[in-house]
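Chemist: The primary structure of each chain is shown beneath.
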Amino acid sequence: MNFDYTEEQTLLENMVTSFVRDDYDWDTRCSIVKTEEGWKEENWKKFAELGLLGVPFDEDQGGLGGEATDIMIVMEQFGKGLVVEPYMPSIILAGGLISKLGSADQKNLIIPEIISGDRRYVFAYAEPQSRFDLFDVKCSATLDEDNYIINGFKSVVFGAGMATHLIISARTDGDQRSKSGITLFLIDIKSDGITLQNYPTIDEYRASEVVIENLTVSKENILGELGNSYEAIEEQVDLSTIAICSEAVGILQVLKDSTNDYCKNRKQFGQSISANQAIQHRLVDMMIEYEQAKSILYMAITADLSNTDERRKAASAAKARIGKAIKFVGENAIQLHGGMGVVDEYMISHFFKRATMIGILFGNVDFHMKRYTELTQSNIQSINEDDGINLS
Amino acid sequence: MDTAFSSEDLKFQSDVREFISNNYPKELKDSIGTKRKTGKELSRGDLMSWHKILGKHNGWSAPGWPKQYGGAEFTPTQKYIFEQECARAECQYIMPFGVNMVGPVIYTFGNDEQKAKYLPGILSGDVFWCQGYSEPGSGSDLASLKTSAVKEGDHYIVNGQKTWTTLAQHADWIFCLVRTNPDAEKPQQGISFLLIDMKTPGITVRPIKLMDGSHEVNETWFDNVKVPVENLIGQENMGWTYAKFLLAHERSGIAGVARSKKALERIKQIASAEMSYGEPLIQDPAFKSKIANAELELSSLEYTELRTLAKDSAGKGPGPESSLLKIKGTDIQQMVTELAMEAVGYYANPHLGTTLSNEYVGPDYATNLSGSYFNFRKASIYGGSNEIQRNIIAKMVLGL
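Top line first, the protein sequences correspond to chains F and C.
Under the working numbering, the letters of the first sequence match residues 25 to 416, in that order.
Under the working numbering, the letters of the second sequence match residues 1126 to 1525, in that order.
Isolated chain F (complex conformation) (with noise of 0.2 Å):
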């Protein structure tokens, strides 16, 4: 038993972390922010280079043929840095469900684009009644002859503004809350019918609302099975959602120690506030919610995530807890920095507003434990001895 990186995933860490602090760094990413784009497109011919945007794919695909372990790597890095650049909702969700449900005739037009960087997809699912249900859909695709003619609303869709794709999901048969009847539809986003509502998000990442007005979609672009959809997105959220929680966790250890060492420095009664047990107890605190939120991310790491019900314990163990250290750790790195925290100039704020947007995404902390307990309390053996709870 190890949690030891390979030496590959050592290089890749390297890699990344040298990426976060030679061209990421504090001020480069304020002003990528403040651009209209909201991104460099630059850095995402970078990270072409670099390969980051082939961790994910299968070898023969020209991918690395990476597994959770170098997604968490990869992720971790660049919570650290809170790089803008859309490389979980492209790289991650929709790069994921292309890989799992394309044919190999798509797959072999698409993936290598993706890996070159020269194309970006990123998947439109949510709505404004979904809230987190992945299968509550109503955009609608019906037949007309040999094309789909799809009407709906996408909201908060990450990454939209910076793709040349979308990945819709659209209902072909069913009610708006079945499982059933749910379809993939792979768009070029310069499509007539698509209407982007572009905005900056609290965070300062960038996300769309998706406008669909009739737009006609050829068969062949149908992605996976017709109305049958829905397993593969809720595997491929699961997965993001990991990779999530591992962005989450190293945006936790910037809080933690920044808190740390801005506490040391920080004098008031001609003495450290460090000094004060009221202060050391809240950052020992915030140092065991951060282990503990590591180690559930390496459970979630480690667990079967082809077994389906361990994937989704795994994914919705991690998130729930991430969820709850993200509010502690994050609401604490604020109260800790005093004024400091609470202002836009110092990057404090920043990572406490990412995190805590990341306790949101994929569903909340509510939305998972309710998730996780009905996945964990079906089972129950009825008792049958009658020694009492040996606790001692």
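Just so you know, the hints here were simulated from the structure itself, not pulled from any lab data.
There are no misleading hints in this set.
To give a feel for the contact side, a few chain F residues facing chain C, derived at Cβ under 8 Å:
| no. | residue |
| --- | --- |
| 1 | Asp28 |
| 2 | Gln304 |
| 3 | Arg345 |
Note that the Cβ used here is the ideal one computed from N, Cα and C, for glycine as well.
Fit chain C to the given chain F structure using the hints.
Modeler: Here is chain C on its own, set in the frame of chain F:
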């Protein structure tokens, strides 16, 4: 990253499981079960008989001891597996005072005569040890202890009072921190580590009843107790070094993950038998979310322990991180005892579930769950209170 056990570890796991199932005495299980239900104190035999069985099997009573002293010298992973399997089978746990506390001090700092005299009895479980550290005025501030040992010829004369002496009512020997130099510059510098035979004239043990009614701890008084000088461990006035060594050993394994897991499983069973709003309690959203919360805390802690273990196997620990295991482990034990009490509703009330004419009341599984809740408030206080553990992390890990 690889959390799978190696094939050797899996073989070891099945060996342990088989050994327990063939050798853990059914009478012991029954005896302990009945006593817990009726609130009777466990006897010395209940506490030690499993230890004695393990002591005859390749040193399994002392999983961490080196082979040269008769221990099993398990790897950290084997230790983890062994604990897990014992918890799974709900075996009586091994008293820590001999095996985990004084034993390692003796084989690390004691001389050859001391090793030969004391280690075999600890290993076999024939000699019962207790711990003489805390005093009425010295809890978390242990170094302020006052019990004195004055050298007169080939004896020390010991006077003073120890408290919270767990299970001293059964003990043959006590290991004590005593003050041999009252004039030392710092309080830590005048302390020595003495082994004392509990039969020595001048020792009085008085029970302290805890709030659940149990008798686990005692006051131990020393009135001109004569202790031979050869019972001193290491050097005079160096006892603090040995004490700190011992405390680090005491904290490892304190997380109790496997036992808490087992208890949570049982609580879920209870909650499926109990009713609330006309449905099994386990269906109640508020209750089931508390269970899920405890499970998540426990999963995280399990991986924190595994991470510590992996570091330990690589020869890098355990360091002050064991304080984290103590804090979270005892938090969870308290969470679990509270949930168990909560699960049985009104039947938390009857003391030990018996009437004045000794008839049982309420469901069997409800007996003494409130007692456990009250009893386990001790967990965040003993072994260095959780506030002291935070001080240790602040200083040793965070550099504050």
